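Visitor: Hey, can you work out the whole structure from these sequences and the hints?
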Amino acid sequence: MFYRRAGLRHTRYQDERQLFPLAFDRGLVLTVLAFLIAAPLLLDRLWLTGYLLPWLIWTSAALGLNLLMGWAGQIHLGYGAVMGIGAYAGVHLVRFGVPLEIAMIAGGIMSAGIGTVFGAAALRMKGIYLAMATLAMQFIVDFVISHNAAISGGTLATLQVPAVRFLGVPLTSDWATYYFALFVCFVITLFMLNVKRTSFGRALAALREKDYAAQILGVSTFRYKLMAFWVSSFIGGVVGTVLAVAYLRAVSPDQFHLELSIQILAMIIVGGLGSVLGPFFGTALILFAPIVLNNLLGSVAATFGLDLPIDMRAHLPLLAYGLLVIGFLLYEPLGLAKLYANFRNYMLVWPFRHAQR
Amino acid sequence: MSIDRRSFIAGTAAVAAQFGFASRVYAEDKIVRFTIAQDFTRIYTFVTSEYNQGQRDYFALVNERGGVGGYKIVADVTDHANDLPRAIEAYERGKREGAVLIDPLSTPVARALVPRALEDKINMITAYSGRSDAADGTAFPYVLPLSINYWTQAGLIIENFKKTEKGSLKGKKIVFVHIDTPFGKEPLSILQVLAQKEGFELLTFPYTPPGNDQSAIWPQVRRARPDFVIFWGAGVGQTVALTEAIRNGLPMDRVSSSVWLSESDMDVVGRDAAKGVMKVEPCVGGREPKVIKDILAEVVAKGKGAGPEAKVGTAYYNYGVQMGALMVEGVRLAAAKAPNGPVTGPWLNDGLRSITNFTAEGLLPPTTVTREDHQGGGMGRIARWDGAKFVPVTDWFAANQDVVWSEIKKNSETFKTTGK
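Protein sequences appear in the order of chains D and F.
FYI, full-length UniProt numbering numbers position 265 of the first sequence as 265, with every residue one higher than the one before it.
FYI, full-length UniProt numbering numbers position 336 of the second sequence as 336, with every residue one higher than the one before it.
Which residues of chain F face chain D? A partial, calculated answer using Cβ under 7 angstroms: (1) Phe40; (2) Thr41; (3) Asp79; (4) Glu92; (5) Arg93; (6) Arg96; (7) Pro115.
Derived CB-CB ranges, DEER-like: (8) D:Met125 to F:Glu165: 51 to 61 angstroms; (9) F:Asp350 to D:Arg344: 51 to 61 angstroms; (10) F:Ser264 to D:Leu46: 28 to 38 angstroms; (11) D:Leu46 to F:Ala336: 27 to 37 angstroms; (12) F:Gly70 to D:Ala34: 42 to 52 angstroms; (13) D:Ala213 to F:Pro210: 40 to 50 angstroms; (14) F:Ala301 to D:Phe139: 49 to 59 angstroms; (15) D:His315 to F:Gly286: 26 to 36 angstroms; (16) D:Ile326 to F:Ala336: 46 to 56 angstroms; (17) D:Val169 to F:Arg371: 28 to 38 angstroms.
Hints listed in this document are in silico derivations from the structure and should not be mistaken for laboratory results.
As the structure is a computational prediction, the values presented were derived from the model and not from experiment.
Backbone N, C-alpha and C fix where the C-beta goes; we use that ideal spot for every residue, glycine too.
Guide: This is the structure:
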């Protein structure tokens, strides 16, 4: 009823191959995009800087990791360190007076370079062993950053981000930082949507399914594994700079520890490996479920006059959050994106019960 | 799996129910709102619980007595789990609800909130956390440690060693065992300057975080035959360090740590074994001070305590009361200057920065906060564990503040020139 697929006849290959062949999907995407663009006018600052901004930034990072884990099937436990390299490189360059546009790219290239060196382990290792190698990267990078006063920024180990401009707009207001993050997220999302349709994307998929089978078919595993690490680390580095400039505004080593890596990993697993939509849902759940549950419990306790001890009050939301994550994965192991796909499949033929495939 | 009609409706209802509860309204008009977003679940855990309990009991005491300067204190307590998105959300939410002060009790969170607090003119309390150079009020007008920073604490410890050695540390050997993080390395710069000035030899031994295995470090410490030992960490690292120091037979009466040592740590190490170890006390411990007695009588006895009664009077509980008292004194002074408000960040800031010789009826050393000095004068004392409680071995004193302030100025100047 909503999707109106009847009568759609693609007569050209371009029509068949477009990103969103159904008019309803296109409309939905444009509506969401329009909402995001209008958000500073519609929402107040709490929602803008408290929710939408971190959502966009963390989603961008999760998309980058998803390219490596979801598309190429290479596990990575050091993505936080990759972002850290980008953040430090970017912020140092900005402090030297390099324009942000160049500093971002340079941060990305720095991350890509170092990330690929460690990623080279993937040429010899798989699965859990690769996980250990990337974990080692996390710890080595942490150690190097916090033990070099020149990198971490002296006794207090904090680097302030100076006032910067992006394409001539000073990133000082909430609006400017929000649009900056939205722009970066939009570009990365567009890239990820298109990767699927390129030979690069298909090579990564072949690699994921069976690397030696791919090699036999003429896909160079050497080249594509390194490329997967390169591209994913590049995105991570750029997002690291964005995170530092638009959100953290002061970088210190503890922001890029293992916790960040695991957080982003959780986002793509809960959201759905190998999906573009997944990281958007996964990020929302992982970032905001603790906050929402916490506030919810707080207001319930206030409304009903419950006198919960503070430890209980702080731990109950975590408990619920854990249950929520486990529940979602038990209910639908393919992630939140699959839940949406199920819903969409149901609505495709609604009000009828079954689609003819 | 597939979605049927029933689960679709149930799911929609569940989502809708979440947002129904979201709004809260307070009817009282004369209130001062504080955002108490702290880490109860990730790293600081029991430290936060005790600190927070003290803070809230003190606010309860003030409110029971009818408020301060006509204002009641409303403290919104939430958990930020040391996670920046959660902390920033809590900060923004607090700001929207009219909070004029935030107390995050977390170094990473404080660092990220510094530019925001300065911009929005919200008072951020960074007791025993955050940037040490925030003591410079000219560079950080809205960041208020209101407590002795780590550089001052190191200065106090060295001064006490000097007293033990009858005025000279020349040729002595002092070992500094610390967690290998920015927090653990922070006192190094001060200790190095003091080593030069006083002529003692400084040996440093870092251990890897979180510090639950330090067995490789301490035999080396013993072999160095130090005259004094300082150990510097937080949480589990502290108890492990102390256990190892005892195991290696170091004389406990020559071992000292920062403010992060409490009765709970002593229970882990063994109350008798740790006898003699020293710490820095920023305020009086135990239940003797008048404020604590008042809390016991007027809040806890009426069943309005914020936590277990056994914790009342522990070290971190009293830190919480100390900080609560300083915040309330700030409100009192602000209300004295401008009784009708409006209650804003600058309004409270004016009060907080004019606290003069405040002792909270004998709980704190005389604390004076000015527009330049946000540390409050830098006074503390050294206390020694006697097997049951910490007993002060010195009176309130300030030491080596010249060295500390040159370090503060050096860092805050860099912030001023590059940070903005």
